[in-house]
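Those sequence lines, one after another, are chains A and B. If you want my numbering, it's the 1-based position in the first sequence plus 77. If you want my numbering, it's the 1-based position in the second sequence plus 35.
FYI, nobody ran anything at the bench for these hints, they're computed from the structure. Possibly wrong hints are sitting among the right ones.
[Stated by the list, open to error] Among the chain A residues that face chain B by a calculated CB cut under 7 Å, a handful are:
{"id": "1", "residue": "A92"}
{"id": "2", "residue": "A93"}
{"id": "3", "residue": "D105"}
{"id": "4", "residue": "A109"}
{"id": "5", "residue": "A201"}
All values derive from a computational prediction rather than experimental measurement. A virtual CB, placed ideally from N, CA and C, is assigned to each residue, including glycine.
Next come the chains, spelled out residue by residue.
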Amino acid sequence: MGIFAFRSKPKQSDAAKEFEDNVLTHLDSMYAVARRLTRDPSTAEDLVHDATLKALKARHQFEPGTNLKAWLLRILTNTFINSYRRGGLERSTVENAQDGTDPVSDGWISAASMRAMREPEEEALRPVLREELSRAVDELPDEFRVAIVLCDVEELSYKEIADAMGTPIGTVMSRIHRARKILQDRLRTHAIEAGIIEPDATDEAHENNVVPLAARRIAR
Amino acid sequence: MSNCRSTQRALPPYVDGELEASDTLHVDGHLDGCLSCSERVAFSRSMKNALRTERKHTVAPDSLRARIQRSAERTRASEQVRRPSWQSAIPWAAAAAIAIGIGGGTHAFGSHDSGKGGGDSVNAAAAHSVMLDEFAGYHARPLPPEELDPVRVNSIFSPIVGVPVHPKNFAAALMEGQPTSMSKFGGGRLMRVHSEPAATLFYDVDGQRVTVFVFDPQRIRIRSACCLSSQVVRSTHGENKTILVGRAKGYPLAAFERDGIGYAVSADMSEKDVIGIASNL
Numbered sequence: 078m079g080i081f082a083f084r085s086k087p088k089q090s091d092a093a094k095e096f097e098d099n100v101l102t103h104l105d106s107m108y109a110v111a112r113r114l115t116r117d118p119s120t121a122e123d124l125v126h127d128a129t130l131k132a133l134k135a136r137h138q139f140e141p142g143t144n145l146k147a148w149l150l151r152i153l154t155n156t157f158i159n160s161y162r163r164g165g166l167e168r169s170t171v172e173n174a175q176d177g178t179d180p181v182s183d184g185w186i187s188a189a190s191m192r193a194m195r196e197p198e199e200e201a202l203r204p205v206l207r208e209e210l211s212r213a214v215d216e217l218p219d220e221f222r223v224a225i226v227l228c229d230v231e232e233l234s235y236k237e238i239a240d241a242m243g244t245p246i247g248t249v250m251s252r253i254h255r256a257r258k259i260l261q262d263r264l265r266t267h268a269i270e271a272g273i274i275e276p277d278a279t280d281e282a283h284e285n286n287v288v289p290l291a292a293r294r295i296a297r
Numbered sequence: 036m037s038n039c040r041s042t043q044r045a046l047p048p049y050v051d052g053e054l055e056a057s058d059t060l061h062v063d064g065h066l067d068g069c070l071s072c073s074e075r076v077a078f079s080r081s082m083k084n085a086l087r088t089e090r091k092h093t094v095a096p097d098s099l100r101a102r103i104q105r106s107a108e109r110t111r112a113s114e115q116v117r118r119p120s121w122q123s124a125i126p127w128a129a130a131a132a133i134a135i136g137i138g139g140g141t142h143a144f145g146s147h148d149s150g151k152g153g154g155d156s157v158n159a160a161a162a163h164s165v166m167l168d169e170f171a172g173y174h175a176r177p178l179p180p181e182e183l184d185p186v187r188v189n190s191i192f193s194p195i196v197g198v199p200v201h202p203k204n205f206a207a208a209l210m211e212g213q214p215t216s217m218s219k220f221g222g223g224r225l226m227r228v229h230s231e232p233a234a235t236l237f238y239d240v241d242g243q244r245v246t247v248f249v250f251d252p253q254r255i256r257i258r259s260a261c262c263l264s265s266q267v268v269r270s271t272h273g274e275n276k277t278i279l280v281g282r283a284k285g286y287p288l289a290a291f292e293r294d295g296i297g298y299a300v301s302a303d304m305s306e307k308d309v310i311g312i313a314s315n316l
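Next comes chain B alone, as it looks inside the complex (with noise of 0.2 Å):
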């Protein structure tokens, strides 16, 4: 003979319909018998039914809808230009690893590049310095991350940004040269710098906030940015490194390209420290 305390814990899945067949019965026949289990049934349910009843009167937004059909169409199109120019890419970055090895180390960051495009118009530059906003922007009023698992930003990332995206070198690269520091990832998130991917990568860094932006340099011309000045400076592997800063919203901005990859990165620190964490990454 059943008693209510042994069928109170069947009670919620019996409600839910998750009990089996030969349980459900043995409920079935304790209920039949129990005014107080019954009414306990008939109360769970009342609340459910309760609970979609608003449930039904709840519809998303037409603006919500349109917002995210934007955002599709947008990732669609930049889908369809991305594949075959991701397919290309590796020749690119072979000849930009060429340039690289006879330039003999340093990188050819002042230099005009050779890609589509090449005659940057005023118009470019003035669009170009709302890109410097747009970056700093990003670090200024981070989005929540998408993606917090360094393989699965990868792995996501870097079919759609169009260049390897690899968070956990930069987790190392940023404590370099400061032994005591402690350097946490704190998840990815792709946005748009005009209008192109960038992957946007969260980091703490003794509790100041760091963000590295890995981009593709075709797609996203920072080099040809305004009021970035470039500066050489020497890695703490005594590697030469040519690197544009600016300044945007107040945060200090460095960027630079390496074998055909852009990387930005911006910081809750002085323009100093941030130059600092661009020659180590």
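This is chain A alone, in the form it adopts within the complex (with noise of 0.2 Å):
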């Protein structure tokens, strides 16, 4: 029985510890997400510490030459859905709510009013604003906030959140796009209790349509 000790086993823990290392690299990464998925930091511990073992003995899954960072954003990801959601309460109502009528306020908000949201010739948010963002994303729905955040905060192509949260492509886009409106709803609600905007007419106009934006294009 001896004999089998000495096989090969230097090397295989050599290139299981140069995977670990290569993996760690993205520990910020994976933190910065899981902190964003759970709301809670010693829960975002959690998850990253199981997501990357899990990794880590996976090792032989992973494509050399593919997206590493995707490829365990992707197990992070996974890990997050399956274990450490509470109920499937959040999921139905999201999906419920995709198909159909928006039940989201389709809010048409007036170029002035955005372009006072943001810093004056920049693309940056008013500072007031980021952290009402900040919150506005962690009570965004599971699949909604899952989607913004491997889209907005670790640029993972669409391609690579479809993988990840095993969906097909258009769903991620129609996530994206929804969970934007969502956001800039809140930023808009929250600008006005702030006096930084005023609900004006034109708001409200065209409060449920975006038609007679359009219209007036054509009549200008």
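Starting from the two chains in their separate frames, assemble the complex, guided by the hints.
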């Protein structure tokens, strides 16, 4: 039996260690996403720990040359969806919302309002709204939050997000689109409360439809 | 001439750089003349930027890195030990099967195993009562499962534990003798008992939690654990079986060994029911 003990082991453990080092270079990304998904620092640590160990054990399944970060975030997302989410209620609400009519208000925000919520001449939100955005992301339903976090925070491609979430790309697109709408609505409400923008007449008039906008452009 | 409505659908992929080149040109053309849509794009980008900036300020704690490295180290170490012992597990299992054959179908549980390190000291006995606590603890405070798919549990866990792990077989066995029962597999997780790997399988039987542990009895030597009493029980198939029964953290635990594989069961049930489950596994 003893002879088996010497079989090509050092090499294997070197490779395992090297893989572990590579994986750990993405630890901040995994932790940042886990923080966003779990909304709790210590649960986030457990999630990253579990997902990382799972990745290390499955290292033979990783195809060298492909995006390691995307692969790790896929395992992280899977672990979150399968193990860390309490109950299936959120999912059913969201899935129902996806077919048929849109329960999320399709508030049309005027160009002036949108500009007022940004820093002048920059693609950056006003600081007051940045904090509100962070809270708003936390309150998104799981499926929307996962999509927007993988997309905006870690900049995965739609394909990579679709793989991570186990959904078609079309679903990913619609989740991102709707998540942004929810976030925009929240920011607009907050901006009005904070006195940054006025709930102006144009906003009200176009609240439920984007068609009048096109009509207005033609009239112009 | 594109309008805002048709463009609107293309804006998220435009913002995320996911549009084909020709569509991108098309949207660019529209944005040139449409203040509203270009503000929309700028606004989406500013949200994206805000989230990314926050991400840059998030750093994983050093303690997390250390914890992962420790766990990975343990896994690697056990892989190194495991590989030879796993390869040699086949002759061991065969030997165990022969021993059982001679014993006439009764499992020689009480007998001393002939494996390495047979002489258990007092220290080892103390360690083994900790082992009982560990088993019960994993039932008392379960961690989320690592794998939900029974097939994957089998393929991933078996080589690590060193004995075959078949979650599906138990789901059926748990309903044995109780025709109205419903049992559902709720996933599995690898745990360390006395720093050796054990597959921990979670089931729901009529709303009560049942945890089944599968392990290599050469490595987790439950037979030498103190505080366990041995009982001979008869399964619904009329098969006699020796089961070790104990209690820790308020939960009953029943363990036995078959064909060189160790099993332990704990559940939100009475000791009698747990023994009943173990006798039919």
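Results for each hint:
Taking 7 Å as the C-beta contact cut-off toward chain B, the hint placing A/A92 at the interface is violated, the least distance being around 11 Å. About 6 Å separates the beta-carbon of A/A93 from the nearest beta-carbon of chain B, less than 7 Å, and the hint is met. Taking 7 Å as the C-beta contact cut-off toward chain B, the hint placing A/D105 at the interface holds, the least distance being around 5 Å. Hint on A/A109 holds. Least Cβ distance to chain B is approximately 4 Å, under the 7 Å limit.
Here the hint on A/A201 is kept, as its CB sits about 5 Å from the closest CB of chain B, short of 7 Å.
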